Amino acid sequence: SAVISQKPSRDICQRGTSLTIQCQVDSQVTMMFWYRQQPGQSLTLIATANQGSEATYESGFVIDKFPISRPNLTFSTLTVSNMSPEDSSIYLCSVAFSQQMTTTDTQYFGPGTRLTVL
Amino acid sequence: LAKTTQPISMDSYEGQEVNITCSHNNIATNDYITWYQQFPSQGPRFIIQGYKTKVTNEVASLFIPADRKSSTLSLPRVSLSDTAVYYCLVGEGDTGRRALTFGSGTRLQVQP
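Same order as they appear, the protein sequences are chains X and U. Sequential numbering from 136 applies to the first sequence in my numbering. Sequential numbering from -6 applies to the second sequence in my numbering.
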């Protein structure tokens, strides 16, 4: 298993600004993911954070809006850029230990970052 | 793509057994079925995983019929603390990759 922390736990931001969310894991992991969960909704995968290379984004999400860094095997950041009220959501980091996320692999989730954009 | 369908919500009382069924008609041959539980203001956490027949752990049981087109998560003798959203996940096709798509989930409300 893994213990995952996220910073900040919550924030209130103004329209047009950017916020960087940090995800820290207590052990080295191969795969890290970023999800968005809008109020009362399910989770939507934003991207896979790849160590040492560019993140892999899901349909509907682009690097300019959600730049991701992953400098090592225990840390990743997600930036929400040029925010609008529609970006108000919970952003969750998750990790897995396999080389390639297979159907048997389980994910371990952080507590989430609750973002409100005014 | 394998897609899951679950009831949106369920209500129960303390001490009852709760069964939540997930439909996954297009499940691929090598896909496993994984269930997660999410409490308010927390990230999801793994509950149980299975491929066929029955799997049981200290938290729940998972029943999977022979055709694997559905699965049922069984929570014995629920308590108020089992109030949560439960998600069923399967892989996304014969690549065996990426059990990363969350469906709508089932919101379980346990009452005293």
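Please keep in mind that the hints were generated in silico from the structure rather than gathered at the bench. These figures come from a predicted structure and were not determined experimentally. Be aware that one or more of the hints could be misleading.
Claimed, not checked - Examples of chain U residues lying across from chain X (beta carbon under 7 angstroms, computed):
hint : residue
1    : T22
2    : Y25
3    : P33
4    : P37
5    : F39
6    : P58
7    : L93
8    : F95
9    : S97
Claimed, not checked - A partial selection of chain X residues facing chain U, derived with a Cβ cut-off under 8 angstroms:
hint : residue
10   : S177
11   : L180
12   : S229
Every residue gets a Cβ at the ideal spot worked out from N, C-alpha and C, and that includes glycine.
Structure-based check of all given hints:
| no. | hint | result |
| --- | --- | --- |
| 1 | T22 | 10 angstroms, violated |
| 2 | Y25 | 5 angstroms, holds |
| 3 | P33 | 11 angstroms, violated |
| 4 | P37 | 5 angstroms, holds |
| 5 | F39 | 4 angstroms, holds |
| 6 | P58 | 18 angstroms, violated |
| 7 | L93 | 5 angstroms, holds |
| 8 | F95 | 4 angstroms, holds |
| 9 | S97 | 5 angstroms, holds |
| 10 | S177 | 5 angstroms, holds |
| 11 | L180 | 5 angstroms, holds |
| 12 | S229 | 7 angstroms, holds |
Checked against the numbered hints above, the structure violates hints 1, 3, 6; every other hint is satisfied.
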